[in-house]
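Use these hints to put chain B onto chain A, whose structure you have.
Number of protein chains: 2
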Amino acid sequence: MTDVSLVNRLATTDANFNKRLDHLLAWDSVSNHEVQHAVEAIIADVRQQGDQALLTLTRKFDRVDATSFAELILPKSRLKAAYEGLPEAQRQALEKAASRIKTYHEHQKQSSWEYTEADGTVLGQQITPLDRAGIYVPGGKAAYPSSVLMNAIPAKVAGVKEVIMVVPTPGGELNELVLAAAWQAGVDQVFTIGGAQAVAALAYGTESVPHVDKIVGPGNIFVATAKRAVFGQVGIDMIAGPSEILVVCDGQTDPDWVAMDLFSQAEHDEDAQAILVSWNADFMDQVEASMAKLLPTLEREAIARTSLANRGALIHVQDQAEAVKMINRIAPEHLELSVEDPQAWLSQVRHAGAIFMGRHTCEALGDYCAGPNHVLPTSGTARFSSPLGVQDFQKRSSLIFCSPEGASTLGQTASVLARGESLTAHARSAEYRIDPTAEVSK
Amino acid sequence: MTDVSLVNRLATTDANFNKRLDHLLAWDSVSNHEVQHAVEAIIADVRQQGDQALLTLTRKFDRVDATSFAELILPKSRLKAAYEGLPEAQRQALEKAASRIKTYHEHQKQSSWEYTEADGTVLGQQITPLDRAGIYVPGGKAAYPSSVLMNAIPAKVAGVKEVIMVVPTPGGELNELVLAAAWQAGVDQVFTIGGAQAVAALAYGTESVPHVDKIVGPGNIFVATAKRAVFGQVGIDMIAGPSEILVVCDGQTDPDWVAMDLFSQAEHDEDAQAILVSWNADFMDQVEASMAKLLPTLEREAIARTSLANRGALIHVQDQAEAVKMINRIAPEHLELSVEDPQAWLSQVRHAGAIFMGRHTCEALGDYCAGPNHVLPTSGTARFSSPLGVQDFQKRSSLIFCSPEGASTLGQTASVLARGESLTAHARSAEYRIDPTAEVSK
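As you go down the protein sequences, you meet chains A and B in turn.
According to this note's numbering, the first sequence is numbered sequentially starting from 1.
According to this note's numbering, the second sequence is numbered sequentially starting from 1.
Derived from the structure by calculation, the hints contain no laboratory data.
One thing to keep in mind: the hints can contain errors.
Identical chains share a label here; the pair holds if one copy fits it or two copies do between them.
[As the list claims (entries may be wrong)] The calculated BS3-like cross-link candidates involving lysine-lysine, where the alpha carbons are at most 30 Å apart (straight line), are:
1) K156 x K109
2) K161 x K19
3) K161 x K325
4) K156 x K102
5) K156 x K60
So here's chain A without its partners, still in its complex pose (with noise of 0.2 Å):
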């Protein structure tokens, strides 16, 4: 029997249908004044008091029985001794997962270039890494080893030197998994400090621990607050939503197969939002009547449940354009194409993180091992960003280097427009490289 309040239904039809898409849609990241105010004195007292700040904090949000600071640095012997210490199928998995991971980023290292103009003006773009970047990763019962290799590894292939790991332990519980994929991808340094305490380390370092010039990798609501508190002294990657999935379906997959891509997605925590859309309203019972069958077999089944009431819907559509209209409105973290023919559909997806393709490709494959990131832009922001990448650790220096016939030819450009703007220091500057002797060229 199909429990009627296991997942929200809708169609495009419906009377009401924009206003409760628009609901279920709906994720405000916006920290209130509390944890505002909170995350400004743990930064200020980072700021001043360094190590001892980070003891004193580290002990009481933690409850890490630590007295000094050395107790809070992890060697990398320890990352190694975890690596070592894992059972010969979680090594192999690791290894593998790195080795694709790695193979995947290295198509997105970007390389310098430049042009010469026919006066010998060279123009150009010259890439390099960042020195040193800073990887958050959750302690306690969210702590993922992929996201350690999906952070650091392109972090690495994009040439950075040093890379520093912060992970808390509450309670002083270590994840050997961690450790182990820290060690596999390459981490330069690991400190077991996380919260606000540890995102204001990496952005303004103390004695021990350096500071870094980008601090990526996800965290509960504190340290997104914080590492928009420290945009600007430092990059960070993004504020991470909770996590999301849409399947489109043409309804000729199997229907066990669709509704565990769904718990996929609703078993990582209550906000978790997975979403089925499909034309075919008899395959949506389907689907519907699978979960109500399986769902009692999850082992987080609790959680499951909670966000596919609270966030999970089945839309049904009118047709495949209908469908194409729902991806590019959702802009979704995660979009499966479990069609026939999904490179036919590529062409009209402008908005989504990762595009899964065909009815073999569920999202956990690229959770894990195929290559792509899974660091993905959530609730919408795939409007306007982009996977972590290889990009997220090089930077760009642009280059102008004018002959002297070159800098001749564009001051008598600047020095129009400089004085059009009454800079006429900017002005004056450019005139300065005007050959007198030259012919007047525009």
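Structure of chain B alone, referenced to chain A:
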């Protein structure tokens, strides 16, 4: 006679050098609580009251005498008229600059790519433009037509269909060159609104202002605070600090040229920063003498004088190697390599927004018309960020298309890692795709 207080003189051999340099470079972009709360109230107001809030706030802050929102919309015909009404020299200069900026940025366009693995699995990356971009253009005395070109052209090159510009008109004052530049750059819609209210309108949309996907462009502290607040709802470019230049000179460039290059930065505003680094002490005296001689001839003398006294510096280093260290420590927005063989320096420059190479390439040429963007990372953020570019208006979607064989192999790896993270629905979703008849591969 050299004015002793004209500009700060430092040498790396000074006992207190590091402290003095840190003090000179310090720039805190954090806005105070008063500004933050004012901006939050404005954003809430625009979200609730839409056009009406914009009208009320614009009347109040910009002293504009409009009675309906329609009066805050500039038709394209008005842009065209401004363009056609320009003096010939200005129109030609604008055209030449726009054409060169377009050519340079076309080199930045990213292309989609994919590769196929032995088992038929396809991995790749699809590049798409943003749907809609918003450009903030400051009004009044800081209205720069060159900024309109530098912000709008990369968006258009990226393929953005709609570019929406906002520009306040304090006291009703319109800048014809700004409107002409908007026409030249192909801006699609212009609203004469500014401040935090314009940022809120672009981020959330109102009855008349379409919401955009990303907001770029400089602004005052209210604009910067509003951009930081709406980051996540939309993309933003960066929180810009005051503009700065670092000139490195071997002592063989005309000291008047170097002085004027420093002035071209110092004339921007009182907080702008102009620094010269050289290992030639005599030359530094010559530059200071040139500065003393030329400063009284500047139209914006008062601004330049304040900027140089408060934030300017002539820094004497021991040798070229120390000059390189200084570059990478400061990570300047603009770097002039006023030296004999600037190409030889390039590989050592790790951090700089734009590099102006050789004695003939003054920053002003790049500010207006060389081609590369003049929106550059300030206050040392070149350590982790890049000039504005086409990349800011494009985004990537990861592509994963597993063959049945590929999914079967990857499913085994994903299953091991997912179970290691206790995400069993992830594991089961992957396991559905494992072909039970296939030989187990690792």
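Evaluated hints:
For the identical chains of this complex, K156 and K109 are neighbours both inside a copy (11 Å) and across copies (25 Å), given an alpha-carbon limit of 30 Å. Taking the closest pair of Cα atoms, K161 and K19 come within 30 Å of each other only across two copies (27 Å); inside a single copy the shortest separation is 49 Å, beyond that limit. In the homo-oligomer, the alpha carbons of K161 and K325 lie at most 30 Å apart only across protomers (17 Å), although the nearest pairing inside one protomer, at 43 Å, exceeds that limit. For the identical chains of this complex, K156 and K102 are intra-copy neighbours only, at 9 Å inside a copy versus 33 Å across copies, given an alpha-carbon limit of 30 Å.
Taking the shortest alpha-carbon separations for K156 and K60, neither the intra-copy value of 33 Å nor the inter-copy value of 52 Å comes in at or below 30 Å.
Checked against the numbered hints above, the structure breaks only hint 5 and satisfies the rest.
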